[in-house]
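Participant: Letter by letter, the chains look like this.
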Amino acid sequence: MYQFPAKLKTISYALIGIGLAALLYGFFAGGADAGHGHGHDNRPWASLLINNFFFLGISLGALFFLAVQYAANVGWSAGILRILEGITSFLPVAGGIMLVIVLASMFHLNHLYHWTAEGIMDPESEHFDSIIHGKKAFLNPLFFILRSVIYIIGWAYAAIVLRKLSLQGDRGTDLTWYNKSIKTSAIFLVFFAVTSSMAAWDWIMSIDTHWFSTLFGWYVFAGIFVSSVTTTALIAIHLKNKGHLPWLNDSHIHDLGKFMFAFSIFWTYLWFSQFMLIWYSNIPEEVTYYMPRFGEFKGLFITMLVMNFIFPLLILMSRDSKRNFGFLSFMGAVMIVGHWLNVYIMVTPGTVGLDWSIGFVEIGTFLGYVGLFIWVVFKRLAAVPLLIQHHPMNKESEHFHI
Amino acid sequence: MANTKSIISALFDDDDVLLKSIKSIREKGHKIREVYTPFPVHGLDHELGLERTRMAITAFIYGVLGLGVAMTLTYYTMIYDWPQNIGGKPSMTWWKNMPAFVPVLFEMTVFFAAHLMVWTYFVRNDMYPGRKAMNPDPRTTDDMFMMEIECSGDEELLRNLLKEVGAVEINLVSKADEAEALAEA
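Protein chains in written order, with the numbering used here: chain A, 1 to 402; chain B, 403 to 587.
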């Protein structure tokens, strides 16, 4: 049985400490001096939203991947299901913090969402904005909070049910749990298809309230999925190197590498589909979204594209690089940072704007989340055997060869 | 006849038996020229010690070629020969209009990679229209697996080994037959 290594635990505590320090600094020391606008005050909140959404996405993507494995009766992945379950254990944590952020925004503790601004929905006010007023039926605090609660409770519930069922797979050869998992997964996938898009509109797209894009939900989903597959591969490689996963062979890692490669391309495809139509039609209310991203944020934006597209395309294309653990880990680290930057660039222009920088607050919060993530996930991994003992596909997974 | 090089064909009726037999035959120093199977047998190329295909490398080269052709095509037609005002942004440079060309670049890359790979495959396998099948035994298109072995050393020993590992039928393919088969083809 796997034990949470004391060294890793110490590292995770240290990282959590850095994260807390960064957040405290951001909230109290950074915002103390007066004379700054909303952007400056938003910075620690935006940093929290970026990191929380990124890690919530990783755990949600892992839950989606887990559900796909059950719903599609997949054989090869039986040996990594416990890793996916471990990652989903972060979902209730990040979900809880997400609700805190949502409530804080709705009660005007920050101004992350432009549509919550004072008087913006009031025709009498000088801040009145008729375009935003037209979205009132959807973008109002009560409905917004209600939706966020429904997403998070729905996802967390699915994660908990799948975990409970899989624990029964350790006990005996009775396969009722497996059949129930298939049903649960199928229902969750339908729920996920709608809510993953809606959550992306709510939490991310409504920051730039005037602007909208019809494939935004898919675009965010693609980023989430790449991040979580990459995280799964990194954890699998780490555990395999430590000798804890004897039932995994090169082919399993190769397959995870293929997912990283394929969904990097898929992400780029969606990114470009969104960009090109807006670029081509050149309509002012649409291009406003890309003006800061090709102006103030150009350097970051291009770096992010290179890290998330050019790197994986050229490096992960060959078979050998997907089978080389060191190579794959390096690419995984690049892609994690790249997709973090992607979330950063989705959130920052509309919240922090010209006051942006990537400093102690952002990086520290990120490190804190890494620590918290490691602590929660590895504690969960160490709780039960790393292989579901009586999973019907164990034999097939063990002999997996491509 | 004992020490001359001769070619033996062995028939198997089970792909697992066939796969397992290959190792012991190759260990004895015999060269397996060809294996005919009714369906692709997983792991066969690995057991035979075949080199990995270089098709992936050609695919990459063809893709780059396609990308180059598409760049030339879009530059010549849209910028150089008859400059176009694309999306209300008359920049008249290829680079600034690049997003509009990406679908073309992508499709040509895929088109070149896919089609040229098919032709490469045909050429490398000597396949062309009207080519006669090289199959020595029609049973290998139904339920039998046939292996052609170049016997080095004692032919009797090889026959015994083949029987031991589970061959259901063993035949001698003489060199004269081989020459005829090639001439016919």
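It is worth saying that the hints were derived from the structure and are not from the lab. Do not take every clue at face value.
Keeping only pairs whose Cα atoms sit at most 30 Å apart, straight-line, the calculated DSBU-like set for lysine-lysine is [to be verified]:
1) A:K7 <-> A:K298
2) A:K395 <-> A:K164
3) B:K422 <-> B:K565
4) A:K395 <-> B:K433
5) A:K395 <-> B:K422
6) A:K9 <-> A:K298
7) B:K491 <-> A:K298
8) A:K135 <-> A:K395
9) B:K498 <-> B:K433
10) A:K240 <-> A:K379
11) A:K135 <-> A:K242
12) B:K433 <-> A:K298
Participant: All hints, please: hold or fail.
Facilitator: Right, here's what the structure says about each hint:
For the proposed pair A:K7 and A:K298, the alpha carbon gap of about 40 Å is over 30 Å, so the pair is violated. Note on A:K395 and A:K164: the hinted pairing holds, with a Cα-Cα distance of about 22 Å set against a maximum of 30 Å. The suggested pairing of B:K422 with B:K565 holds, with an alpha-carbon distance near 13 Å, which does not exceed 30 Å. As the CA atoms of A:K395 and B:K433 are separated by approximately 34 Å, the hinted pair breaks the 30 Å bound.
Our distance criterion of 30 Å between C-alpha atoms is met by A:K395 and B:K422, whose separation comes to about 20 Å. Taking the CA atoms of A:K9 and A:K298, the gap is about 38 Å. The hint is violated against a cut of 30 Å. For the hint linking B:K491 to A:K298, the alpha-carbon distance of about 20 Å falls within 30 Å, and the restraint holds. For the proposed pair A:K135 and A:K395, the alpha carbon gap of about 53 Å is over 30 Å, so the pair is violated.
Among the hinted pairs, B:K498 with B:K433 is inconsistent with the structure: their alpha-carbon atoms are about 59 Å apart, more than 30 Å. Of the pairs offered as hints, the one joining A:K240 and A:K379 holds, with about 17 Å between alpha carbons and a cut-off of 30 Å not exceeded. Between A:K135 and A:K242 the CA atoms are separated by roughly 53 Å; this puts the pair beyond 30 Å, and the hint is violated. Restraint check for B:K433 and A:K298: the C-alpha separation of about 61 Å exceeds 30 Å, so the hint is violated.
When each numbered hint is compared with the structure, violations occur for hints 1, 4, 6, 8, 9, 11, 12.
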